[in-house]
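> Those sequence lines, one after another, are chains C and E. Numbering-wise (numbering that gives the first Met the number 0), the first sequence opens with residue 0 and increments by one. Numbering-wise (numbering that gives the first Met the number 0), the second sequence opens with residue 0 and increments by one.
These aren't lab readings, by the way, just hints derived from the structure by calculation. As the structure is a computational prediction, the values presented were derived from the model and not from experiment. Mixed in with the good hints there might be a few duds.
[Unchecked claim] Listed next, the stretches of chain E that the computed footprint assigns to chain C, with coverage defined by at least 3 CB atoms under 8 Å from CB atoms of chain C:
#1 95-103
#2 175-185
#3 233-241
#4 308-315
The beta-carbon is built from N, C-alpha and C at its ideal position, and this holds for glycine as well.
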Amino acid sequence: MAHIELRNITKKFGSHTALTGLNLDIADGEFFVLLGETGAGKTTTLRLIAGLEKPTEGQVFIDGVDVANWGAAERDVALVLQQYSLYPRYTVRQNLEFPLKPKIRRLPDAEIKDRVDRAARTLRIEHLLDRKTDRLSGGEMQRVSIGRAIVRKPRVFLMDEPLSALDAKLREALRTELKNLQMQLGATFLFVTHDQIEAMSMGDKVGVLNHGRIVQTGTPHEIYNNPRDTYVASFVGSPPMNLIDGRLVNDRAVMAPMNFELPLTGGAKASGAADGRPLVFGIRPEDVYLESGAPVEARVHDVENHGVEKILTLRVGDTMLRATVPARTDVAIEQPVRFAWNPDKVVLFDKGSGVSLRHAG
Amino acid sequence: MTQIELRGIEKFFGAVQVIHNLNLAIADNEFIVLLGQSGCGKTTTLRAIAGLETIDQGDILIDGKAVQHLKAADRDIAMVFQSFSLYPHMTVFENIAFPLRATRMGSGEVDKSVREVARVLRITDLLDKKPSALSGGDMQRVAIGRALVRRPKAMLMDEPIGALDAKLREEMRAEIKRLHVKQGSTTIYVTHDQIEAMSLADRIVIMHEGFIQQVGTPDEVYSHPANLFVAQFVGSPVMNIAEASVADQAGATSVTVGGASTGFEFPHELLSKLNGHAGGGLTLGVRPEGVLVRRDAAPGYMPVEAHIIEPLGSFDVVDLKVGSKVLRARTKAGYVSGPGEKVHARIDPEQAHFFDTASGKSLGVRL
Numbered sequence: 000m001a002h003i004e005l006r007n008i009t010k011k012f013g014s015h016t017a018l019t020g021l022n023l024d025i026a027d028g029e030f031f032v033l034l035g036e037t038g039a040g041k042t043t044t045l046r047l048i049a050g051l052e053k054p055t056e057g058q059v060f061i062d063g064v065d066v067a068n069w070g071a072a073e074r075d076v077a078l079v080l081q082q083y084s085l086y087p088r089y090t091v092r093q094n095l096e097f098p099l100k101p102k103i104r105r106l107p108d109a110e111i112k113d114r115v116d117r118a119a120r121t122l123r124i125e126h127l128l129d130r131k132t133d134r135l136s137g138g139e140m141q142r143v144s145i146g147r148a149i150v151r152k153p154r155v156f157l158m159d160e161p162l163s164a165l166d167a168k169l170r171e172a173l174r175t176e177l178k179n180l181q182m183q184l185g186a187t188f189l190f191v192t193h194d195q196i197e198a199m200s201m202g203d204k205v206g207v208l209n210h211g212r213i214v215q216t217g218t219p220h221e222i223y224n225n226p227r228d229t230y231v232a233s234f235v236g237s238p239p240m241n242l243i244d245g246r247l248v249n250d251r252a253v254m255a256p257m258n259f260e261l262p263l264t265g266g267a268k269a270s271g272a273a274d275g276r277p278l279v280f281g282i283r284p285e286d287v288y289l290e291s292g293a294p295v296e297a298r299v300h301d302v303e304n305h306g307v308e309k310i311l312t313l314r315v316g317d318t319m320l321r322a323t324v325p326a327r328t329d330v331a332i333e334q335p336v337r338f339a340w341n342p343d344k345v346v347l348f349d350k351g352s353g354v355s356l357r358h359a360g
Numbered sequence: 000m001t002q003i004e005l006r007g008i009e010k011f012f013g014a015v016q017v018i019h020n021l022n023l024a025i026a027d028n029e030f031i032v033l034l035g036q037s038g039c040g041k042t043t044t045l046r047a048i049a050g051l052e053t054i055d056q057g058d059i060l061i062d063g064k065a066v067q068h069l070k071a072a073d074r075d076i077a078m079v080f081q082s083f084s085l086y087p088h089m090t091v092f093e094n095i096a097f098p099l100r101a102t103r104m105g106s107g108e109v110d111k112s113v114r115e116v117a118r119v120l121r122i123t124d125l126l127d128k129k130p131s132a133l134s135g136g137d138m139q140r141v142a143i144g145r146a147l148v149r150r151p152k153a154m155l156m157d158e159p160i161g162a163l164d165a166k167l168r169e170e171m172r173a174e175i176k177r178l179h180v181k182q183g184s185t186t187i188y189v190t191h192d193q194i195e196a197m198s199l200a201d202r203i204v205i206m207h208e209g210f211i212q213q214v215g216t217p218d219e220v221y222s223h224p225a226n227l228f229v230a231q232f233v234g235s236p237v238m239n240i241a242e243a244s245v246a247d248q249a250g251a252t253s254v255t256v257g258g259a260s261t262g263f264e265f266p267h268e269l270l271s272k273l274n275g276h277a278g279g280g281l282t283l284g285v286r287p288e289g290v291l292v293r294r295d296a297a298p299g300y301m302p303v304e305a306h307i308i309e310p311l312g313s314f315d316v317v318d319l320k321v322g323s324k325v326l327r328a329r330t331k332a333g334y335v336s337g338p339g340e341k342v343h344a345r346i347d348p349e350q351a352h353f354f355d356t357a358s359g360k361s362l363g364v365r366l
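Make the full structure from the sequences, and use the hints.
Quick look at the structure:
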């Protein structure tokens, strides 16, 4: 159980700056996801908390105490990585016991057995306890790795892309399992990933990291519905938010490339944007809909079939935009269609800075 | 005009049988996707059609003519692989022209054919470049161009976009589909990615352990899976599966899962349609969108408790505790506020599937 705070962290590797002025506040018992592309600084952040790296500037606090002088062992955090790093010749039980059997301060045998059994039950790997780890599937191995972290009862779990090496079905299952585990343990989790679906589905809070800076921190709902800038808007959501260049003319959105027009509502107008100001209009695919009398004509460029729904790529001139439509919508490639958007859901971004007008003020 | 037919194909690697009595008729111009996990026999099937692999039993017919004894080169079929296999020392133009050089085509005609294919694939400006200067997507366009230029009878593609990153894969998938719509040619495409299969195919052939599990349009395999394997392989989030017991209850049929104290209400005719399976060995399948959730009580809905909620942007996936089982439901974003909330759920009878537990086969019940 721990509260983690990173204050104004900068980390340089030689001339390369990995993190710049990073502030993070992870509450006790929170599932916090750090989301970013490769090289954004996610793993560096994790290693700073674990005590495997020292910040160039700034401080790391665990439960309010500056841990600058604490070694990795004293910080009492558990790291789970994408690679499993299990002992192949040991059984699952021996692997789970291993962290509890250091040369000094060894736990009593009864306590070790109790912790291992409990972890195995939590992770549903009891039936595997006597098996050698090289006989396990990827998902089972990752469960054992997590089990090795659990038995120690650490203050914090730090997880570095633990699901990335698994196939899609298994990832889907383990997502829920991990979330379930965190709720059961009531532990603080910091989970690092490049996969926005993992971030959205598991995080109590998500921090979006780009080029060593935190762009936005919020609940999945906030990040999805009210992205701070076009980077977050296009990174979170699958398919991503449509972003179309245009300007405001007489309270309507006029798109630059093809001059097509769409209506806006009070909320968007009240954002303070002046007529003629270059903007980027953001709209989620589920807020674009087909309708025979709708204002804009497009061609169906592509149909992605998800069974439960279809994701259409619509083409207006050279502009492409996505629309999520019900599975029963019957459309063919190159068919002309008409579309509109839900004007309440439009997000306006400044063309120059990419920052949402809702966040600018 | 190319029809391909596979009749009673069997294939062994040593003692291991990798294809079992495979029968499939592919119509002219059809886009067929072979879908399955690695090791299911999909690539072996494709390679057998191409002539890169022999078969131990059965017939491969192209336009009614058995070709299993013909060499690959004599089958007039083009193949595109995941690895691009371009000649690094040749320009894009020469790479595409290569298959035509072996024929007696005049250079004027070669030039015309290459430029036509390049135009379709939008790589005209790359014709003078070497492959090393190209992006992954462009390399695969060139590889497709090289396959297309001969105007083969059929195009066979083995995970052609599997090595590309997600964004490029989407783009290339759209292009392959558009190309097929525009050019039209009998196409057989192998993938393990169900979204690719659902988006590209006229018909999907789902394979598992060397057996065809189901052949059908994307809508058929999604809405009417033939067995539990197909039901769980296609669709994300995955279909809920639970052993179920059925009871006759005051004019309706009640379907209980996870030993819950109450069952889900179904129309009375379910009992007769189950045709003797009501006694036991019955598995219920329902996709998350077929589990309907409301905040208030309503006729036909039973009270359940929400557990983990996965927000996925435009919608949430909510775990509902039903007895000892968890059923996952798809709801509007934010509809259920958090774990522990009491809500009401029912199963949409039209979206329910019933399987024989032992064989895994669908009972074909439609309500």
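> Compare the structure with the hints numbered earlier in the document and write down the numbers of the violated ones, lowest to highest.
Structure breaks hint 1 only.
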